[in-house]
Amino acid sequence: MKRYSAFAIAREALRHHAGWERAWASPEPRAQYDVVIVGAGGHGLATAYYLAKNHGITNVAVLEKGWLGGGNTGRNTTIIRSNYLQDESAAIFEKSRTLYETLSQELNYNIMFSPRGVMMLAQTEHELRAWKRTAHANRLASIQSRMVTPDEVRKIVKVINIDGPRYPVLGGLWQPRGGTARHDAVAWGYARAASDLGVHIIQNCAVTGVDRDATGVTGVQTGKGPIRCNRLCLVVAGSSGVLAEMAGFRLPVESLALQALVSEPIKPVLDCVVMANTVHGYISQSDKGELVIGGGADGFNNYTQRGSFQHVEETVRALVETFPLISRLKMLRQWGGIVDMTGDRSPIIGPAPVPGIFLNCGWGTGGFKAIPGSGWATAEMLADGAPRALAAPFSLERFAEGRMIDESVAAAVAH
Amino acid sequence: MLLLTCPCCGVSAEETEFHPGGEAHLKRSGPGSDDAAFRDYLFARKNPRGVHFERWRHAFGCGKWFHAARCTATLEVFGTYAAQTAAPPAHVLEAIRARRPDWISEWEQDR
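Heads up: the sequence lines are chains A and B, in that order. Quick note: the first sequence, position 45, residue 90 per the working numbering, numbers continuous. Quick note: the second sequence, position 36, residue 224 per the working numbering, numbers continuous.
Worth flagging that the hints you see were computed from the coordinates, not collected in a lab. Each hint should be verified, as a subset may be incorrect.
[Claimed, not checked] Derived CB-CB ranges, DEER-like:
{"no.": "1", "chain 1": "A", "residue 1": "Leu-185", "chain 2": "B", "residue 2": "Pro-219", "range": "35 to 41 angstroms"}
{"no.": "2", "chain 1": "B", "residue 1": "Gly-220", "chain 2": "A", "residue 2": "Gln-189", "range": "46 to 52 angstroms"}
{"no.": "3", "chain 1": "B", "residue 1": "His-207", "chain 2": "A", "residue 2": "Arg-448", "range": "25 to 31 angstroms"}
{"no.": "4", "chain 1": "A", "residue 1": "Arg-60", "chain 2": "B", "residue 2": "Arg-288", "range": "55 to 61 angstroms"}
{"no.": "5", "chain 1": "A", "residue 1": "Gln-189", "chain 2": "B", "residue 2": "Trp-291", "range": "50 to 56 angstroms"}
{"no.": "6", "chain 1": "B", "residue 1": "Cys-250", "chain 2": "A", "residue 2": "Gly-111", "range": "39 to 45 angstroms"}
{"no.": "7", "chain 1": "A", "residue 1": "Arg-273", "chain 2": "B", "residue 2": "Ala-283", "range": "40 to 46 angstroms"}
[Claimed, not checked] Non-contacting residues of chain A with respect to chain B, defined by C-beta distances greater than 10 angstroms in every case (computed):
{"no.": "8", "residue": "Met-46"}
{"no.": "9", "residue": "Ser-50"}
{"no.": "10", "residue": "His-62"}
{"no.": "11", "residue": "Gln-77"}
{"no.": "12", "residue": "Gly-111"}
{"no.": "13", "residue": "Arg-211"}
{"no.": "14", "residue": "Leu-215"}
{"no.": "15", "residue": "Gly-243"}
{"no.": "16", "residue": "Thr-260"}
{"no.": "17", "residue": "Ala-431"}
{"no.": "18", "residue": "Ala-434"}
We put the beta carbon where it would ideally sit given N, CA and C, even for glycine.
So that you can see chain A by itself, here it is in the shape it has in the complex (with noise of 0.2 angstroms):
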């Protein structure tokens, strides 16, 4: 891989841009691999390229019926935060964070980190004690997060209008290091990292079917042909449930369309990002300078990344009364992507009922934030065949034993 920089810039300038190489390479499968992950997002790409970064195993290939990076990596508001109330869901992250926070650095891929702060609003007495509640958690869970006050909202959001009437703002819980990344860069720049270490990515290749004898896994039919391995790992988020079901157990996952938008480009306004819970509305300003808008999911299985239209409304209609500014804005795209939804809103990481196969998934609405942290985890669990004490937890026995990790009240969109 020839390393990007300045200097590299400079020389291709020189010679007409002819000695760019291709990012990753895209090989015909071979029959067999250590193991195969299904799904290039970046929860997947980041499996692999850490598989192979810290743990030495790189006879992995790494399936995608589309494109990588063409689900929910490419669909989210790109926030990045490990403010979470519990201490299993602070530590994967926050170690998240910790990694984005050299990502550019480690995959010598510029994601465009951006830790310009994430304010979460309280807009009513119940969240207001709820964050309370949550910045005493970070503290003892070593996460920067802290209280602020209305005054404090407005000398950090200047374009906010405190003061309701239907939703006033209280306060806020401020995370001055979380922030947002460059999502497409994210996928880009693991695959290119990960196929310099010899990880096969291998695109338009759908998963069919999963093979297995008596003794648990032994390969998956493909658009491409049967590809034979030891271990299976699949990290297709939405579409985990039909994945299940070809390898034959149910998962406590429901998928549901999330949906967001954008306006048009305006000059600089907002340089954080702000989560206004109870509305169902975050937003922050893109580096192109068009507000970038979350709303909410819809309540029914859905799997045509496209939202109900009420939702826009909702959400638009909210956030006009907090920033009265986007009144005069007008909505350029709207978009979809299928959440993969679990009972206490927290992911699975962990072994499946079939052996040699291994799940991540359940990440909901909030995957992008958690890639490198959990593709690292994920990766820890491949290599040794038991997840370590960072994915321990969200073991898939959780929800037979009793031991949700409850997110559900905790994360920063109301579900």
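For chain A, the structure is supplied; the task is to place chain B on it using the hints.
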């Protein structure tokens, strides 16, 4: 935007008038059942990409619960029917088969 017809009061309306209630026809497992059955009753869901049976409530209408057969891949609604039944009625299964000839119904296998 889904268009649903409430089988209880006969009103057809947009989805904003209704509230989704998850998978229909769950087999209830009580305290006497084994752990796996109880876990599956509480958490394991079919979540298919295609024909799905689910519960809805006419929240801003008559307030009654009912069932709907719907395709999760296209959002097509095949039909709605009363909730007081353990399996989808024949006319709903026929409506699904008319639109999805390849669909494998677990309900007909049960009979």
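Would you list, in rising numerical order, the hints stated earlier that this structure does not obey?
The structure conflicts with no hint, since it agrees with every one listed earlier.
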